[in-house]
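Chemist: Use the sequences and the hints to build the structure in full.
Protein chains in written order, with the numbering used here: chain L, 10 to 372; chain E, 20 to 291.
Hints should not be assumed to be uniformly reliable.
Unchecked claim - The calculated DSSO-like cross-link candidates involving lysine-lysine, where the alpha carbons are at most 27 Å apart (straight line), are:
id, chain 1, residue 1, chain 2, residue 2
1, E, 261, L, 316
2, E, 183, E, 166
3, E, 130, L, 283
4, E, 284, L, 283
5, L, 327, L, 351
6, L, 283, L, 227
7, L, 283, E, 291
These are calculated hints, taken from the structure and not from any lab test.
Note that the coordinates shown come from a computational prediction; the quantities given were computed from them, not determined experimentally.
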Amino acid sequence: MDPITEIKHIYIQREIRNHPKTRRIIDKLNCSISYIDEISDVPSHYFDKKKSLILASQQGDFIKECPCTPHYLGCKYHVVELAVGCLYDCTYCYLQQYQNIFATTFYVNFEDMYREFEQLLASDPDRIFRVGFGEYADSLFLDDILNYTQEISKHLSQMKSQNYLIEYKTKSNNINNLLRFKPTGHEVVGWSLNAQTISENEEKFAGNIVNRLTAMKKCVNQGYFVAVHFDPLVYFDGWEVEYLNIINQLFDNIDKKRILWISIGSLRFNPGLKPIIEYRHPESKIVATELIKGVDNKMRYPKVIRKKLYSQIVDFIKKRDPSAFIYFCMEDKDIWLDVLGKQVEEDEDIGMLFKKQVMKCFK
Amino acid sequence: MKKQMNLEDKTFCFTYNLYSPDLEASIRRSGVLAPVILKDSRIISGFRRAYIANKLNIDDIPTIITTDSDLDAFLDVIIENIAVRVLNDLEKAMIIHKLLNDFKSGDAILKLVCKILKIGFSEYNIQKYLQISALDDDLKELIYKKKIRWETAVALSNLPDRHKILILLNNLKFNANFSAEIVENLKDIFRQNKGLPSEIFSFENANNLRDFLKNKKFPILMKQERNFSKVMQLLPNNMTLKHFPYFEKDECDLNIKFKNLEEVKQWIQSQK
Chain L
10 MDPITEIKHI
20 YIQREIRNHP
30 KTRRIIDKLN
40 CSISYIDEIS
50 DVPSHYFDKK
60 KSLILASQQG
70 DFIKECPCTP
80 HYLGCKYHVV
90 ELAVGCLYDC
100 TYCYLQQYQN
110 IFATTFYVNF
120 EDMYREFEQL
130 LASDPDRIFR
140 VGFGEYADSL
150 FLDDILNYTQ
160 EISKHLSQMK
170 SQNYLIEYKT
180 KSNNINNLLR
190 FKPTGHEVVG
200 WSLNAQTISE
210 NEEKFAGNIV
220 NRLTAMKKCV
230 NQGYFVAVHF
240 DPLVYFDGWE
250 VEYLNIINQL
260 FDNIDKKRIL
270 WISIGSLRFN
280 PGLKPIIEYR
290 HPESKIVATE
300 LIKGVDNKMR
310 YPKVIRKKLY
320 SQIVDFIKKR
330 DPSAFIYFCM
340 EDKDIWLDVL
350 GKQVEEDEDI
360 GMLFKKQVMK
370 CFK
Chain E
20 MKKQMNLEDK
30 TFCFTYNLYS
40 PDLEASIRRS
50 GVLAPVILKD
60 SRIISGFRRA
70 YIANKLNIDD
80 IPTIITTDSD
90 LDAFLDVIIE
100 NIAVRVLNDL
110 EKAMIIHKLL
120 NDFKSGDAIL
130 KLVCKILKIG
140 FSEYNIQKYL
150 QISALDDDLK
160 ELIYKKKIRW
170 ETAVALSNLP
180 DRHKILILLN
190 NLKFNANFSA
200 EIVENLKDIF
210 RQNKGLPSEI
220 FSFENANNLR
230 DFLKNKKFPI
240 LMKQERNFSK
250 VMQLLPNNMT
260 LKHFPYFEKD
270 ECDLNIKFKN
280 LEEVKQWIQS
290 QK
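Modeler: What follows is the structure, encoded as structure tokens:
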């Protein structure tokens with residue numbers, strides 16, 4: 010499903026009504042329009058059930074350090090808040106707890122984002138910053154219309170500092186514009202992959218796994234590095250067979266040398282999200298399983314289950330690519346040591362592991 | 020003035036329990052002092068006063084007639100009530116229900132009322148209050164008497180055999196916290212298996228039922244607990260062992276109780 014076709018209405022913040030990106034979106038999308046002063050003027054989706062797009066000006070910071078989660082290890086990643094709200098509506102998505110509107114907000118004032126990029130990269134010239142798009146929305150959801158991937162790549166490539174890698178995280182196959190230009194070597198396209206059952210039941214509106222792998226293959230052929238995110242891993246009857254299947258499909262289709270990193274994380278969420286998932290997705294069973302409150306107060310599988318999941322998945326991956334660069338998202342140092350055999354004490358240690366890995370892009 | 024009032028019309032009423040012994044005593048003593056606000060014959064504000072005065076056969080009730088629109092009158096009553104008392108979840112639920120279904124209020128009014136009632140404005144929260152408002156009377160009464168939490172009542176209302184479960188909870192003398200845990204586990208087990216284990220109704224001991232459900236919902240964690248208990252049993256009486264909550268860390272704390280410092284010294288020597 011192309012989520013853009015689901016958008017029926019556009020709310021436009023008055024101050025950016027004449028911004029070139031706003032004009033382009035209006036021209037391309039055949040939707041009704043209303044003008045608003047603030048995003049809070051958009052009706053809640055209790056009243057407004059149609060999917061909408063909000064075009065606005067980002068008033069806060071575009072680029073932030075990835076907040077990770079307390080008491081677990083982070084990976085020194087930065088995230089760009091280019092858009093907020095995902096039309097795929099996956100059952101486990103944390104955005105359900107924060108979003109009150111049935112809409113995706115897209116910020117058009119890229120000029121401010123570029124300024125922030127310059128400041129960030131100049132702040133530590135010896136570091137290679139990994140900066141991800143797609144933390145708060147699917148990073149490619151409007152690329153068909155705006156071709157911002159090309160614009161961002163071109164703009165960043167002309168900056169003085171070149172110590173960056175940008176990652177477009179997606180569950181889509183919306184890659185037509187990515188295939189229309191030659192990557193500069195600073196782009197990684199990251200796909201979230203999951204077991205077939207989980208993809209079908211919990212990610213109903215996202216691109217199916219076969220389409221995601223096909224899109225990944227095309228991007229690799231075009232010269233992109235790719236990343237894979239097995240996140241959230243779900244513990245269900247038959248998980249071993251299904252995760253083995255998807256890992257085999259991945260390595261059967263994608264040149265392993267082009268997979269820059271593979272992240273692994275298991276299902277986790279704020280306790281307040283549970284009743285929301287129960288209400289919004291009555292068929293979903295994922296929150297009714299054996300979940301405990303972790304040291305960060307998020308619901309997650311007990312450590313013994315997480316270790317079992319991770320060890321098996323890592324084993325499957327290593328069988329296909331012994332040198333695969335695997336890291337954990339929001340896990341503790343015991344898991345790093347027990348499953349990956351890597352002694353990491355703090356976020357900086359993981360940052361150093363990444364530094365070695367991403368240098369491959371710059372050779 | 021009593022004749023002008025339609026005591027049956029509850030359009031504007033959101034008070035859960037109209038009876039108040041304190042107010043009855045006051046009205047017996049001094050009559051109705053604060054006027055009841057009416058629109059046409061419908062009571063806008065003063066349901067308790069009117070209800071008790073009617074019960075006491077008092078005819079002399081001061082009234083004020085308002086010409087506000089229904090919605091404005093309803094909003095005024097909410098604000099008046101908030102100023103003098105704390106509304107419970109059942110009353111908030113009734114307000115939300117009436118706003119959406121009787122007064123057909125739009126987004127802006129609902130947002131405003133949620134702010135006044137200190138309800139975080141979200142689809143889920145609105146739905147939560149609508150679910151409370153739709154509960155059967157017996158469950159509402161249990162919430163009102165603080166016997167169960169609203170979450171427990173809503174979960175119960177979605178489970179089969181909910182009357183049997185309530186009787187079970189009552190027989191086993193579960194308090195609100197324990198009931199919440201039991202029903203939460205039952206809800207998850209039901210969601211996983213599309214059914215409830217029939218054995219639950221034969222339990223006569225509260226802790227046994229609790230353990231049974233924990234074993235069903237947390238089989239792996241409970242196995243860890245059992246293994247841990249086996250190690251604890253190997254310890255001498257003066258030692259206790261504690262694991263990290265939910266075994267999130269492998270380490271555990273061993274606590275040793277000594278009679279005096281001399282015993283501590285002897286123990287240290289024995290460890291060398």
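Chemist: Evaluate each hint against the coordinates.
Modeler: We went through each hint and held it up to the structure:
Proposed proximity of residue 261 of chain E and residue 316 of chain L is supported: the alpha carbons are some 22 Å apart, at most 27 Å. The straight-line distance between the Cα atoms of residue 183 of chain E and residue 166 of chain E is roughly 16 Å, inside the 27 Å bound, and the hint therefore holds. With a C-alpha separation of about 24 Å, the suggested pair residue 130 of chain E and residue 283 of chain L falls inside the 27 Å cut-off, and the hint holds. This hinted pair does not check out: residue 284 of chain E and residue 283 of chain L have alpha carbons roughly 52 Å apart, beyond 27 Å.
For the hint linking residue 327 of chain L to residue 351 of chain L, the alpha-carbon distance of about 15 Å falls within 27 Å, and the restraint holds. The straight-line distance between the Cα atoms of residue 283 of chain L and residue 227 of chain L is roughly 37 Å, outside the 27 Å bound, and the hint therefore fails. Proposed proximity of residue 283 of chain L and residue 291 of chain E is contradicted: the alpha carbons are some 52 Å apart, above 27 Å.
Violated hints, listed in ascending order, are 4, 6, 7; each of the other numbered hints is respected by the structure.
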